[in-house]
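A.B. asks: Based on the sequences and whatever the hints tell you, model everything.
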Amino acid sequence: MSNKQLLAKIETKRQQLLSVAAQTGLTSTLSLQYSMELDTLINQYLLLKKA
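Each residue of the sequence shown is one higher than the one before, counting from 1 in the UniProt record's numbering.
Note that these hints are calculated values from the structure, not bench results. Using N, Cα and C, we set each Cβ at its ideal position, and we do this for glycine too. Hints should not be assumed to be uniformly reliable.
The calculated lysine-lysine pairs, modelled on DSS-like cross-linking and capped at a C-alpha distance of 27 Å, are [what the hints assert, rightly or not]:
# : residue 1 : residue 2
1 : K49       : K4
2 : K49       : K9
3 : K13       : K50
4 : K9        : K50
5 : K49       : K13
Pair by pair, the computed Cβ-Cβ distance ranges are [what the hints assert, rightly or not]:
# : residue 1 : residue 2 : range
6 : K49       : T24       : 30 to 38 Å
7 : Q23       : K50       : 31 to 39 Å
8 : G25       : S2        : 33 to 41 Å
9 : L47       : Q23       : 27 to 35 Å
C.D. replies: Structure (structure tokens):
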């Protein structure tokens, strides 16, 4: 996956997280799940950028 594709996925997941958090709160199960998924994507991006 290219940096550009990964950045697009990060932005999409970030928007999803913000939307869900606004509706269900930051500590809801879905918010936490999206947050962990976003963390994973960011970590993948940083590893790709480092290489």
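A.B. asks: A separate judgement is required for each hint: does it hold in the structure or not?
C.D. replies: Do the hints match the structure? See the list:
| no. | hint | verdict |
| --- | --- | --- |
| 1 | K49 with K4 | 11 Å, holds |
| 2 | K49 with K9 | 15 Å, holds |
| 3 | K13 with K50 | 22 Å, holds |
| 4 | K9 with K50 | 18 Å, holds |
| 5 | K49 with K13 | 19 Å, holds |
| 6 | K49 with T24: 30 to 38 Å | 32 Å, holds |
| 7 | Q23 with K50: 31 to 39 Å | 35 Å, holds |
| 8 | G25 with S2: 33 to 41 Å | 34 Å, holds |
| 9 | L47 with Q23: 27 to 35 Å | 32 Å, holds |
Checked against the numbered hints above, the structure violates none of them.
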